[in-house]
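The chain contents come next:
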Amino acid sequence: DAMVIQNPRYQVTQFGKPVTLSCSQTLNHNVMYWYQQKSSQAPKLLFHYYDKDFNNEADTPDNFQSRRPNTSFCFLDIRSPGLGDAAMYLCATSLGFKDTQYFGPGTRLTVL
Amino acid sequence: AQSVTQLGSHVSVSEGALVLLRCNYSSSVPPYLFWYVQYPNQGLQLLLKYTTGATLVKGINGFEAEFKKSETSFHLTKPSAHMSDAAEYFCAFQRSNTGNQFYFGTGTSLTVIP
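Sequence lines, in order, name chains L and B. Yeah, the first sequence ends on 164 if you go by our numbering, and it's all consecutive. Yeah, the second sequence ends on 451 if you go by our numbering, and it's all consecutive.
Just so you know, the hints here were simulated from the structure itself, not pulled from any lab data. The C-beta atom is built at its ideal place from N, Cα and C for all residues, glycine as well. Don't take each hint at face value.
[As the list claims (entries may be wrong)] For the chain B half of the interface with chain L, some residues (derived, Cβ under 7 Å), not all of them:
hint: 1; residue: Leu385
hint: 2; residue: Lys386
hint: 3; residue: Phe441
hint: 4; residue: Thr443
hint: 5; residue: Gly444
hint: 6; residue: Thr448
hint: 7; residue: Pro451
Could you build the full structure based on these sequences and the hints that come with them?
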């Protein structure tokens with residue numbers, strides 16, 4: 053089945069130690085999104101790619117970066133994780149901006 | 338400004354009772370509206386969506402929602418709650434003219450009492 057895959061499902065890192073989260077899709081969608089979801093809150097959009105065009109939300113911290121080397125893969129890099137970055141990170145894809153977003157299962161990040 | 342508001346952060350219903358989760362939106366352009374469900378430690382799963390056409394939308398797992406422009410609402414209902422419906426539910430809004438931003442509501446946690 054076509055789907056959105058996130059690895060790992062659970063990630064533990066130390067304060068200040070860089071971490072990379074991975075998302076891949078078999079849907080051949082043009083748009084890929086990264087969301088941060090803290091406990092009991094709604095998902096918050098960090099950034100998105102339309103193909104190779106990158107769009108950073110205005111309030112996304114500089115500590116968060118993203119890469120999309122090809123259509124299928126998108127990475128979220130957190131350069132120096134702080135305790136406040138502990139959250140569920142959700143990847144989503146859509147064919148175009150006006151199309152339904154399909155979400156992966158998420159990666160739960162713990163910062164020690 | 339565009340936004341979506343979910344009334345009630347926690348809703349409890351008895352098994353077999355009607356489920357009603359409320360969502361209101363604010364938009365200057367026709368909206369696209371969505372309901373997603375999230376089970377613990379999982380991603381979001383699309384329940385149903387409204388873009389154009391029929392205002393009563395049927396989704397998966399017996400859920401449906403009705404777009405009411407006059408009331409700016411898109412409430413989610415299910416006639417008979419099942420224990421497996423216990424989850425977090427998010428209403429989401431998208432501008433129909435640009436579509437490049439998804440606005441999520443703050444979520445409603447549904448508890449089903451046996």
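Hints versus structure:
Here the hint on Leu385/B is broken, as its CB sits about 10 Å from the closest CB of chain L, past 7 Å. Here the hint on Lys386/B is kept, as its CB sits about 6 Å from the closest CB of chain L, short of 7 Å. A least Cβ separation of about 4 Å between Phe441/B and chain L falls short of the 7 Å threshold, and the interface hint therefore holds. The beta carbon of Thr443/B is positioned within 7 Å of a beta carbon in chain L (closest approach about 5 Å), and the interface hint is therefore held.
For the restraint placing Gly444/B at the interface with chain L, the shortest Cβ-Cβ distance is roughly 6 Å, inside the 7 Å limit, so the hint holds. Interface hint at Thr448/B: violated, since its Cβ lies 14 Å from the closest Cβ of chain L, which is beyond the 7 Å cut-off. The beta carbon of Pro451/B comes no nearer than 24 Å to any beta carbon in chain L, farther than 7 Å, and the hint placing it at the interface is violated.
Checked against the numbered hints above, the structure violates hints 1, 6, 7; every other hint is satisfied.
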